[in-house]
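Please model the entire structure based on the sequences and the hints provided.
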Amino acid sequence: MHLDHSHDGPAAVSADAHRPNGSRRALRIGLGGPVGSGKTATVAALCQALRDELSLAVVTNDIYTREDAEFLLREAVLPPERITAVATGACPHTAIRDDISANLEAVEDLEDEVGPLDLILVESGGDNLTATFSKGLVDAQIFVIDVAGGDDIPRKGGPGVTTADLLVVNKTDLAPYVGSDLGRMAADAKAQRAELPVVFQSLRSKGGVRDVAGWVRAQLAAWTA
Amino acid sequence: MSRAALLVLADGRFPAGGHAHSGGAEAAVRAGRITGAASLEDFCRGRLHTAGLVAASLAAAAAAGVDALSLDAAADARTPSPALRVAARKLGRQLMRAARATWPSEELDALARAFPKGAHQPVVLGVVARAAGLGASDAAYCAVYESVSGAASATVRLLSLDPFDATGVLARLAPELDRVADRAVESARRVAGEGVDALPAASAPLLEIGAEVHAGWPVRLFAS
Ligand SMILES: Nc1nc2c(ncn2[C@@H]2O[C@H](COP(=O)(O)OP(=O)(O)OP(=O)(O)O)[C@@H](O)[C@H]2O)c(=O)[nH]1
Ligand SMILES: [Mg+2]
Chain X
1 MHLDHSHDGP
11 AAVSADAHRP
21 NGSRRALRIG
31 LGGPVGSGKT
41 ATVAALCQAL
51 RDELSLAVVT
61 NDIYTREDAE
71 FLLREAVLPP
81 ERITAVATGA
91 CPHTAIRDDI
101 SANLEAVEDL
111 EDEVGPLDLI
121 LVESGGDNLT
131 ATFSKGLVDA
141 QIFVIDVAGG
151 DDIPRKGGPG
161 VTTADLLVVN
171 KTDLAPYVGS
181 DLGRMAADAK
191 AQRAELPVVF
201 QSLRSKGGVR
211 DVAGWVRAQL
221 AAWTA
Chain B
1 MSRAALLVLA
11 DGRFPAGGHA
21 HSGGAEAAVR
31 AGRITGAASL
41 EDFCRGRLHT
51 AGLVAASLAA
61 AAAAGVDALS
71 LDAAADARTP
81 SPALRVAARK
91 LGRQLMRAAR
101 ATWPSEELDA
111 LARAFPKGAH
121 QPVVLGVVAR
131 AAGLGASDAA
141 YCAVYESVSG
151 AASATVRLLS
161 LDPFDATGVL
171 ARLAPELDRV
181 ADRAVESARR
191 VAGEGVDALP
201 AASAPLLEIG
211 AEVHAGWPVR
221 LFAS
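Heads up: the sequence lines are chains X and B, in that order.
Note that UniProt numbering has the first sequence beginning at 1, numbered continuously upward.
Note that UniProt numbering has the second sequence beginning at 1, numbered continuously upward.
Calculated from the structure, these hints are not laboratory results.
As the structure is a computational prediction, the values presented were derived from the model and not from experiment.
Honestly, I wouldn't trust all of these hints.
Claimed, not checked - Taking beta-carbon pairs under 8 Å as the criterion, some of the chain B residues facing chain X (in silico): (1) 17; (2) 94; (3) 157; (4) 221; (5) 223.
Claimed, not checked - With the Cβ distance kept under 8 Å, some of the chain X side facing chain B (calculated, not the full set): (6) 64; (7) 85; (8) 88; (9) 89; (10) 93; (11) 94; (12) 99; (13) 101; (14) 104; (15) 175; (16) 178.
The beta carbon of each residue, even a glycine, is placed where N, CA and C say it ideally should be.
The structure is reproduced here in structure tokens:
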């Protein structure tokens with residue numbers, strides 16, 4: 001946002017691209033979407049795909065537990081000191097959009113304690129179709145829906161589906177069982193999003209997260225360019 | 001002072017992290033001490049005359065220019081529960097972040113440097129009030145109002161309480177909020193001659209105990 005704060009203090013104030021010591025901060029990517037669509041599974045798969053080439057950390061925003069963080073810890077996708085859980089007070093969208101202070105604190109602490117970092121993934125608690133991340137918190141956002149939540153979700157639109165930098169339609173392996181029409185979902189998403197990208201994926205298949213990982217690499221290349 | 005600046009700072013939507021905290025209401029609901037509007041009112045009254053008075057006095061003193069380091073130590077001494085100290089510092093740090101972006105000031109920068117992980121929220125609140133061009137009384141009002149409004153809005157979520165009933169509780173407490181804010185300003189004024197020991201140390205043991213219990217729950221909606 002602003003690179004020219006007149007009052008230089010000890011901590012970055014918001015979306016500044018540089019840390020107080022002048023170095024470039026990590027790229028921050030948000031993952032939002034309805035409950036159970038596969039946000040944590042995508043984060044886990046991304047960590048596994050990227051951790052050998054990048055310095056990574058994750059912030060989770062569970063609604064009332066620490067389950068997402070605990071899942072990531074159990075799966076050992078990253079060392080524990082690279083995973084932070086933020087408590088959100090019954091309102092996940094508030095913590096990622098209206099009042100991002102706790103999340104900014106978490107990303108700053110991660111950079112201080114385990115940095116330098118290339119990338120921080122911020123997972124929102126499962127919420128509704130209007131929940132989006134503040135630009136003060138993330139540089140780009142991924143909205144994750146799944147084929148089992150109803151194939152009319154892309155048609156219904158809403159800020160997440162319409163404006164996210166990447167739309168992921170997850171669990172394509174389930175489409176035959178729930179009667180979801182992937183062609184229709186793709187056409188509706190195209191109509192809502194024009195040129196913005198959409199990825200269909202199944203994390204049950206090998207290399208399931210490949211396209212999303214490729215998109216993240218491209219974001220990072222643009223960020224560090 | 002600017003009355004409009006006071007509204008900006010006192011607005012429940014000021015993005016300083018308060019939405020994730022219940023002011024002890026989540027623990028009190030679980031313990032059966034808050035079950036509806038009447039018991040919410042009792043709970044808020046208790047908070048107001050204990051934690052609220054102490055917070056308002058610290059905030060008023062900080063707004064009046066009393067040394068923030070000694071006020072922060074005074075706040076620690078008045079907060080027996082480690083969980084509440086952690087929460088107060090977290091909220092102080094979050095308020096600091098929002099305020100430095102909103103009302104940039106050398107004094108805020110210096111306080112942030114002295115407490116990179118956060119000073120007690122009421123102390124930060126007082127310094128923020130100064131940065132916003134507000135006075136000790138304004139800071140005290142923000143603190144007393146926060147001490148009850150956070151618990152009331154958390155209870156609306158926790159009990160699905162009628163929001164009109166919760167707001168009615170706050171309106172009925174208004175005259176008491178005025179009196180507690182006055183007391184806080186009066187005690188802050190005495191700090192100049194008597195030191196920080198002149199500040200009230202009213203404690204609420206159930207809030208302290210409840211906060212410790214709450215911090216150990218595996219499943220909870222609020223951070224404190
Ligand atoms: N069949 C299938 N199941 C999947 C896929 N991706 C995730 N799941 C499963 O879907 C369930 C929910 O996945 P999560 O990653 O926890 O979903 P989430 O969006 O993080 O959920 P919340 O954080 O609770 O909102 C889990 O049981 C996953 O194993 C997929 O591609 N195919
Ligand atoms: Mg999850």
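Practice task
Quick one: which hint numbers does this structure break? Sort them smallest to largest.
Solution key: Going through the list in order, the structure violates hints 7, 10, 15, 16 and respects the others.
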